[in-house]
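Use these hints to put chain B onto chain A, whose structure you have.
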Amino acid sequence: MARARGERDHPDSMADHEQFASILNRYGPALGRLAALYEWDPTERQDLQQEIALAIWRALPAFRGDSSERTFVFRIAHNRGLSHRWRHRHAGNTQPPGENLRTAEDPAADLLRRERRDQLLRAVARLPEAWQPVVQLALEGLSNLEIGDVLGISPGNVAVRLTRARRRLRELLEPQEDP
Amino acid sequence: MNAATEWSELSEQWQTQPADWRVSLGELRRRDRGDRVRRAVVIAGEVGVTVLMVGLTLRVMGPMSGLTGATVMGSVIAYTAAIWAFALWNRRGTWRPLGETVEAYLALSIRRRESALRGVALASAAGWCLLLAAAGLVLFRRTNVLPAGSHRLAIVVWATMGAGFLAWTILYGRRTRAELTRLRQSLAAVREDHPVA
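Those protein sequence lines, which keep their order, are chains A and B. Heads up: take any position in the first sequence, counting from 1, add 2, and you land on the numbering used here. Heads up: take any position in the second sequence, counting from 1, add 232, and you land on the numbering used here.
Worth double-checking, as some hints may not be accurate.
Okay, the calculated bits of chain B under chain A, using three or more residues with CB under 8 Å as the criterion [what the hints assert, rightly or not]:
hint, segment
1, 311–319
2, 335–343
The calculated label-pair distances, taken between Cβ atoms and stated as ranges, are [unchecked claim]:
hint, chain 1, residue 1, chain 2, residue 2, range
3, A, Glu-71, B, Tyr-404, 33 to 41 Å
4, B, Ile-275, A, Gly-158, 41 to 49 Å
5, B, Thr-248, A, Pro-44, 28 to 36 Å
6, B, Gln-417, A, Glu-71, 28 to 36 Å
7, B, Val-286, A, Gln-21, 42 to 50 Å
8, B, Ile-309, A, Pro-157, 50 to 58 Å
9, B, Ala-314, A, Ser-145, 47 to 55 Å
Derived from the structure by calculation, the hints contain no laboratory data. Virtual Cβ for every residue (Gly too), placed ideally from N, Cα, C.
The shape of chain A in the complex, shown without the other chains (with noise of 0.2 Å):
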């Protein structure tokens, strides 16, 4: 089967393993906020999770600093989180997120903060699918330069696309008004 040039099976040093485990811990609740967005269901969302550790973890002797460590790790994890949604062929499914990611909330967490959450993560995945990365990619906290690096489109482009999703976002979160 076909490798991508430098890639390995499994890292060989000391310095490998702690280059992943950095960007684990620095990276990991990005990803796992990414991860949510392309799977609802807590169990597939595990295993998305590791596919996309297994994914950076093969991919990391192959990184040449060509673009920012940022830019590479979302990168692979968008590209696992593409895969994973075609396959599984999530077109609709019925439950809503932010439902699953109570479960390691602290009781005693503001419940309006919390609702808000919430509400920010399902207006998210009712946006259009050109504009869920942008958008993600931008809530992280990624420049226009750095999401168009990740995608692989203009800034200008990405521009376009948030200004869109702002205004579409904006009525997405807008309190529903009784009938």
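Okay, now just chain B, sitting in the frame of chain A:
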């Protein structure tokens, strides 16, 4: 509240979500090992099928001698070499994509699925060839060209493999075409406002 402040608040809300990120190094190693075993099994299977087919064919054609035997043996070797050459040619440019941009990854994934469908077409042709070869053997036995009772094993194996190839091409082909459709939709979504030239 201006747009920048609003976005900043949304970003803060987003980043305070419970990420539930749980990755086990033991599980990663287990998956990695499993992938390597699967790849080895696939390659071994491909080689095994080739050896089986060539061996059975040569055994069936064994009694033939002279020009006929040489022609058949040459044809079998040429057919096998063509199959393997196609398989290697079909895999060109379909290396495992990992660190590419999303757009490049999708484009490469589409090429891999298109390559897979070409393989499906070849497997389908091979399946029909095997069924025809099995039918031919049955015919030759009935018309006494070959001794009755001979080559029963070859007939059974060829017919079974031929039917198996065809069944696999139907199921795998259907799944691959569905994946290809979704991939093209995803690529079109990424390339929004930038149509393919």
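Against the earlier hints, flag every one the structure doesn't satisfy and list their numbers going up. 1 and 5
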